[in-house]
Amino acid sequence: MSKDSAPLVQLRNISKRFPGVQALDRVNLSVLPGEIHAVVGENGAGKSTLINILAGELQPDSGSILFEGVETVIPNAFVSQRLGISVVYQELALCPNLSVAENISLHQAAVDRGLSFVKRRQFAARARNVLEQLGIADIDLSTPVSRLGIAQQQLVEIAKAISGQVKLLVLDEPNSALTDEESARLFAILRQLRAAGIGIIYVSHRLEEVISLADRITVLRDGQYIETLAAADATVDGLIARMVGRAVDMLYHRERDGAQSATLALAVRHLSSGATLRDITLSVHAGEIVGIAGLPDSGKDELVECCFGLHRYHGEIVIGGAVVQLHSPTSAIEAGVAFVPADRRHVGALLMMSVQNNIAAASLPAVSTAGLLRPGAIRTLANDYVTQLDVRISSLEQQMATLSGGNQQKVILGRSIATHPKVLILHEPTRGIDVGAKAEIYRILQELAQQGVGILIASSELPELIGQCDRILVMHRGTITGEFTRSEAAEEPILACAMGQMTHFISEGEKR
Amino acid sequence: MAQQATSATGQRSTGVTMSERIKRVLRARETGVLIALLLMCIFLWQVSPAFLTVRNLLNIGRQISLIGIMAIGMTFVLISREIDLSVGSIYALSGLATGMLLIAGAPLWLALLIGLLIGVSAGAANGLLSTYGLLPSFIATLGMMSVLRGIALLMTNGQPVTINESSGVAPDTLSAFFFIGQGRLLDVIPMQLVFFIAVSLIGWILLSKTVFGFRVYAVGGSDKAARVSGIKVYQTKILAFVIMGFLAALSGILSLAFLPSGQAGRTGVGVELDVIAAAVIGGASLSGGEGTILGTILGVLIIGVLRNGLVLTGVSPFWQEAIIGLVIILAVGLDKWTSSRRRAA
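Chains L and Y supply the protein sequences, listed in that same order.
For any residue, its number in the working numbering is found by taking its place in the first sequence, counting from 1, and adding 70.
For any residue, its number in the working numbering is found by taking its place in the second sequence, counting from 1, and adding 359.
Worth double-checking, as some hints may not be accurate.
[Stated by the list, open to error] As a list, the in silico EDC-like pairs of lysine to aspartate or glutamate whose alpha-carbon atoms are at most 20 Å apart:
1) Y:Lys583 / L:Asp210
2) Y:Lys591 / L:Glu127
3) L:Lys189 / L:Glu161
4) Y:Lys583 / L:Glu138
5) L:Lys237 / L:Asp95
6) Y:Lys591 / L:Asp182
Note that these hints are calculated values from the structure, not bench results.
None of these values were measured; they are calculated from a predicted model.
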């Protein structure tokens with residue numbers, strides 16, 4: 071990083087107001103050429119608003135943007151592209167119907183003349199070039215993006231972002247779906263781009279990574295600029311304290327003693343499904359929290375989905391002592407399973423509906439008589455869970471889409487708990503949720519376990535599993551390669567099992 | 360989608376094995392439609408001697424042309440993730456306006472120009488309402504369907520417009536106008552079919568070869584991805600509607616020149632459904648991003664050959680509509696039911 075160079079981009083006193091929220095309040099940010107500048111903050115701190123302003127998707131209410139020293143207005147994405155700003159969005163912006171090569175060259179298609187011929191050969195060459203640069207060999211250029219997994223899509227998105235003339239690269243949680251190896255490759259690329267003089271804005275919740283990757287870190291809280299500090303001086307605890315405005319040493323802390331009954335809430339025996347799951351056997355006791363770790367293609371996603379009747383399977387699933395056939399989510403709910411899916415926006419939340427209807431959605435028999443809904447019962451039910459889970463809303467009628475991610479997740483959790491499940495299955499329960507809401511969700515899970523619910527969590531965040539679970543199972547290529555008790559659980563051995571480099575099992579004597 | 364994938368790979372010399380390429384061709388939606396079409400033709404050839412004659416085939420070619428020209432436009436609109444229900448009304452209004460201008464003594468070029476401009480303007484209005492106007496195109500064009508039909512009724516006072524020697528059109532103009540609708544190129548190929556072939560060719564180049572066509576696919580695939588890449592989403596969609604409007608007008612004018620009569624209350628009523636059906640049978644997706652000109656042509660042919668075959672084999676005309684409906688359901692259904700993209704949930 072060249073210390074004496076003039077800033078590439080400077081945001082001065084940027085403010086942006088949405089109905090009911092001051093998303094940004096006089097925020098300052100400056101990025102030097104050849105600098106990786108991280109922006110951290112809880113959800114709702116204003117990071118995405120800031121990104122959207124740079125991308126030309128939103129206009130600030132006040133304040134100014136200086137790009138290469140010149141005061142600039144960015145009225146739309148076209149101008150943003152022209153300036154050399156490239157954005158990698160968290161929720162990917164790819165055309166599923168187009169091929170990898172075509173997606174990577176999308177912005178070329180924006181500037182070429184409409185009646186000129188598409189230079190597919192050039193598209194392919196450019197794509198091959200960028201993917202090579204990223205060290206990605208296993209993606210076929212002609213495959214439609216819809217056939218790629220989420221991790222590969224993320225890589226394509228990154229390739230697309232760096233394929234043009236980039237001066238400022240903005241990345242919003244670019245590695246949320248990447249494996250550690252792929253992330254490492256991404257970081258190497260980012261350092262390479264930095265060395266080439268490109269300015270990089272890096273938004274992430276993963277603070278350890280941010281500290282090791284970035285040169286400087288800017289903290290936002292509730293739309294306000296808090297501080298910019300050198301990464302060398304930053305610590306995770308220090309950043310969290312600035313992000314939430316208080317110390318959060320409670321985050322991964324657990325007060326429950328882990329005592330559990332001998333009753334089995336869920337038992338899975340010799341379960342196989344398609345090519346993704348092979349002979350899985352596991353059990354979750356009432357009052358126990360069991361975690362499932364594994365890389366994106368390990369089968370952990372399919373396993374939890376199987377337990378909710380989303381896939382066909384061979385083998386036996388036992389819930390509350392009874393063998394059940396789960397051929398649909400309905401049969402799973404009837405058997406006493408509740409499921410909190412990973413994709414909150416598309417699968418979990420009924421975004422257009424009210425908070426109370428979201429909570430009642432899985433308990434319709436309980437709030438209706440002869441097929442007619444009882445509004446009073448819906449309100450009572452919703453009110454119970456809003457209070458119990460401390461969901462922050464202005465009214466029960468508030469539309470789900472207007473809630474923050476953390477509050478949405480609490481509502482979905484409320485819907486699941488309202489069915490009084492024997493087994494609660496959570497898939498990536500805190501993905502994209504800010505630190506404060508995370509802590510609250512963990513508290514709720516611990517309380518539920520205390521009340522005797524068996525909980526199964528599939529997560530790609532190891533600290534979360536290690537902090538919350540009584541037992542952790544590790545999957546690799548569709549089989550269980552490791553089992554760790556609470557006292558044994560640590561990141562390195564779990565990762566080694568996840569990558570298939572070792573196996574580790576608990577001896578019978580240690581099991582309860 | 361399939362055509363996109365193959366056209367991208369078609370020019371790649373490495374990385375794709377022959378068997379992979381054959382698999383892609385077999386998987387393509389067009390292949391299924393083509394096989395269905397060939398089976399139909401073989402069947403008709405066996406049961407009806409009249410089917411496989413030059414005369415009958417050219418006849419089919421003429422019958423499908425007007426729907427076909429519009430289906431090419433609809434392919435652009437559907438791929439961009441919009442829909443146009445107003446094509447039947449544009450078809451009527453443009454044709455009738457051209458006819459009235461001719462009767463009023465306007466020179467042929469002016470009548471044609473104004474007829475086509477009406478189509479272009481209607482398309483632009485549809486496009487503007489569906490983008491900057493923030494209306495779903497289903498609603499915008501449903502409204503425009505009525506508005507344009509109403510204008511046509513007002514303009515003609517509900518009376519039929521008939522072009523013939525006694526309508527006061529100059530003999531030269533009359534014969535030139537009739538040639539576009541009823542003439543035959545080299546005394547063999549019906550002019551309507553010539554127009555359909557030309558429109559198909561231009562449409563194919565525009566959609567699969569040019570940057571504009573690429574943008575149409577991008578916008579239909581994900582308008583967010585297209586927008587953040589700097590592609591002008593609204594402009595692209597408006598242009599798709601304008602192309603549709605232009606082609607609906609062309610079709611309407613050809614229809615008047617062929618018949619040579621039209622009536623605002625009847626001409627082109629319900630034609631949008633045939634047009635959409637042809638594009639959808641050919642693989643265009645109502646959820647955008649998918650479809651090809653080749654597929655649409657095959658879809659148009661399926662409908663044309665089916666209608667012709669039902670007539671040749673003496674099936675009651677009342678059955679025809681029902682059978683065509685079943686074919687639409689089967690064509691799209693087979694694709695979905697056998698698709699590898701099918702999910703358990």
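(Q) Please list, smallest to largest, the hint numbers that this structure does not respect. (A) 1, 3, 4, 5
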